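Undergrad: As a plain string of letters, each chain reads:
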Amino acid sequence: MASSIRVRATASGENTEVQALIQHPMDSGFIKDAKGELIPAHFITQLKFEHDGKTVFAADWGGGVSKDPYVKFSFKGAKKGDELKISWIDNKGATDTTTAKIQ
Amino acid sequence: MSDIGFSATRRLILQGAGAVALVGLGNLPFGMAPALAAANDKYPEDAFKAKSEADAIKALYGKSPEPSDKVKMDAPEIAENGSVVPISVSTTLADVTSIAFLVSENPVALVATYRIPAGTAPSVANRIKMARTSNVTVVVEAGGKLYSATKEVKVTVGGCGG
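Residue numbers (the working numbering), protein chains in the order written: chain C, 1 to 103; chain B, 104 to 265.
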């Protein structure tokens with residue numbers, strides 16, 4: 001099964017820049033559909049990036065994050081070939097996890 | 104700010120979009136999901152229920168920020184589409200532990216908070232929804248103190264999701 005998570009992690013020197021794009025509707029619960037009924041809230045609540053067993057970046061999200069969320073950050077201490085583990089959970093309890101190789 | 108790499112990533116995603124629709128079949132009750140539910144990673148439920156920016160910041164941190172020119176927010180003057188507004192922040196402040204994004208006119212003011220462990224740069228880019236023209240506030244927690252920057256973003260088509 002294809003992952004919902006796309007990651008690009010690029011090391012240059014001691015710095016690794018990470019860009020992630022996740023496939024998710026991120027429904028806020030405040031929007032009505034074509035019939036005028038509220039679309040129930042359905043959004044990622046927590047997102048975590050781990051390198052070498054250590055959390056390097058973590059997000060708590062509400063329904064105000066855009067559909068198919070994008071995030072960019074950078075951290076120190078990784079090198080090319082290292083693995084970066086990314087996982088999320090949403091407000092309905094669904095989760096996904098992937099591992100990306102740092103380039 | 105180079106997002107060139109991102110556009111390539113985006114193409115990948117579009118190609119994979121059909122297959123990705125399957126994600127989310129494993130519906131565990133919230134409290135039982137093991138990977139993310141560590142005790143120190145508690146989701147700030149109350150802060151995400153607060154309607155006003157001030158209440159959300161209080162629920163998150165228990166105190167108020169002071170404006171600082173060391174918090175640099177990059178946001179558009181005008182967002183044509185309120186459902187995707189790119190906002191980024193960086194700071195020269197030392198010992199940053201978290202960064203939060205808030206939109207005062209949204210039904211829920213708090214949009215996102217990020218934990219910044221030691222070794223991670225105090226700089227985040229993301230994309231948020233704005234229901235209408237509003238102040239966007241970024242709060243940076245550094246050395247146990249709170250600093251903020253605020254900027255008005257005009258929204259021509261509101262989009263808190265739609």
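Treat the hints as calculated values from the structure; they're not laboratory data. Here the structure is a predicted model, which means the values were calculated and not measured. Glycine included, each C-beta is placed from N, C-alpha and C at the ideal position. Careful, some of the hints might be misleading.
To give an idea of the interface, some chain B residues facing chain C are shown, with a C-beta separation under 8 Å as derived from the structure [stated by the list, open to error]:
| # | residue |
| --- | --- |
| 1 | 144 |
| 2 | 146 |
| 3 | 155 |
| 4 | 164 |
| 5 | 176 |
| 6 | 179 |
| 7 | 213 |
| 8 | 214 |
| 9 | 215 |
| 10 | 216 |
| 11 | 223 |
| 12 | 228 |
| 13 | 232 |
| 14 | 235 |
| 15 | 260 |
30 Å max Cα-Cα, derived DSSO-like pairs, lysine-lysine [unchecked claim]:
| # | chain 1 | residue 1 | chain 2 | residue 2 |
| --- | --- | --- | --- | --- |
| 16 | C | 32 | C | 54 |
| 17 | C | 76 | B | 257 |
| 18 | C | 101 | C | 32 |
| 19 | B | 152 | C | 67 |
| 20 | C | 76 | B | 152 |
| 21 | B | 257 | B | 145 |
| 22 | C | 101 | B | 166 |
| 23 | B | 257 | C | 32 |
| 24 | C | 32 | B | 154 |
| 25 | C | 32 | C | 92 |
Undergrad: A separate judgement is required for each hint: does it hold in the structure or not?
TA: Here is what the structure says about each hint:
1. Interface restraint check for residue 144 (chain B): the shortest CB-CB distance to chain C comes to about 7 Å, inside 8 Å, so the restraint holds.
2. For residue 146 (chain B), the interface hint holds, since its Cβ comes within 8 Å of a Cβ in chain C; the closest pair sits about 5 Å apart.
3. Using the Cβ-Cβ criterion of 8 Å, the hint placing residue 155 (chain B) at the interface with chain C is not satisfied: the shortest such distance is roughly 14 Å.
4. Contact between residue 164 (chain B) and chain C, as hinted, is not supported at the beta carbon level, the nearest pair being about 13 Å apart and thus beyond 8 Å.
5. Residue-level restraint check for residue 176 (chain B) is violated (minimum Cβ-Cβ distance to chain C is 15 Å; threshold 8 Å).
6. Among the interface hints, the one on residue 179 (chain B) is violated; its C-beta lies about 13 Å from the nearest C-beta in chain C, farther than the 8 Å criterion.
7. For residue 213 (chain B), the interface hint holds, the least distance from its beta-carbon to any beta-carbon of chain C being 6 Å, beneath 8 Å.
8. Interface hint at residue 214 (chain B): satisfied, since its Cβ lies 4 Å from the closest Cβ of chain C, which is below the 8 Å cut-off.
9. Interface restraint check: residue 215 (chain B) against chain C, minimum CB-CB distance 5 Å, threshold 8 Å, status holds.
10. The interface hint given for residue 216 (chain B) holds, since its Cβ lies 5 Å from the closest Cβ of chain C, which is under the 8 Å cut-off.
11. Taking 8 Å as the C-beta cut-off, the interface hint given for residue 223 (chain B) holds, the closest approach to chain C being about 4 Å.
12. Annotation: interface hint on residue 228 (chain B) holds; nearest CB of chain C at approximately 4 Å, less than 8 Å.
13. For residue 232 (chain B), the shortest C-beta to C-beta distance to chain C is roughly 5 Å, which falls under 8 Å, so the interface hint holds.
14. Nearest Cβ of chain C to the Cβ of residue 235 (chain B): about 12 Å, over the 8 Å cut. The hint is violated.
15. Because the closest C-beta pair between residue 260 (chain B) and chain C is about 13 Å apart, greater than 8 Å, the hint is violated.
16. Between the alpha carbons of residue 32 (chain C) and residue 54 (chain C) the distance comes to roughly 40 Å, so the proposed pair goes past 30 Å and is violated.
17. Of the pairs offered as hints, the one joining residue 76 (chain C) and residue 257 (chain B) is violated, with about 36 Å between alpha carbons and a cut-off of 30 Å exceeded.
18. Restraint check for residue 101 (chain C) and residue 32 (chain C): the C-alpha separation of about 40 Å exceeds 30 Å, so the hint is violated.
19. At roughly 20 Å between alpha-carbon atoms, residue 152 (chain B) and residue 67 (chain C) fall within 30 Å of each other, so this suggested pair holds.
20. Of the supplied pair hints, the one linking residue 76 (chain C) and residue 152 (chain B) is violated, its CA atoms being roughly 34 Å apart against a limit of 30 Å.
21. Note on residue 257 (chain B) and residue 145 (chain B): the hinted pairing is violated, with a Cα-Cα distance of about 33 Å set against a maximum of 30 Å.
22. This hinted pair does not check out: residue 101 (chain C) and residue 166 (chain B) have alpha carbons roughly 40 Å apart, beyond 30 Å.
23. Proposed proximity of residue 257 (chain B) and residue 32 (chain C) is supported: the alpha carbons are some 23 Å apart, at most 30 Å.
24. A distance of roughly 19 Å separates the Cα atoms of residue 32 (chain C) and residue 154 (chain B); the hinted pair therefore holds under the 30 Å criterion.
25. Restraint check for residue 32 (chain C) and residue 92 (chain C): satisfied, since their Cα atoms lie roughly 19 Å apart, inside the 30 Å limit.
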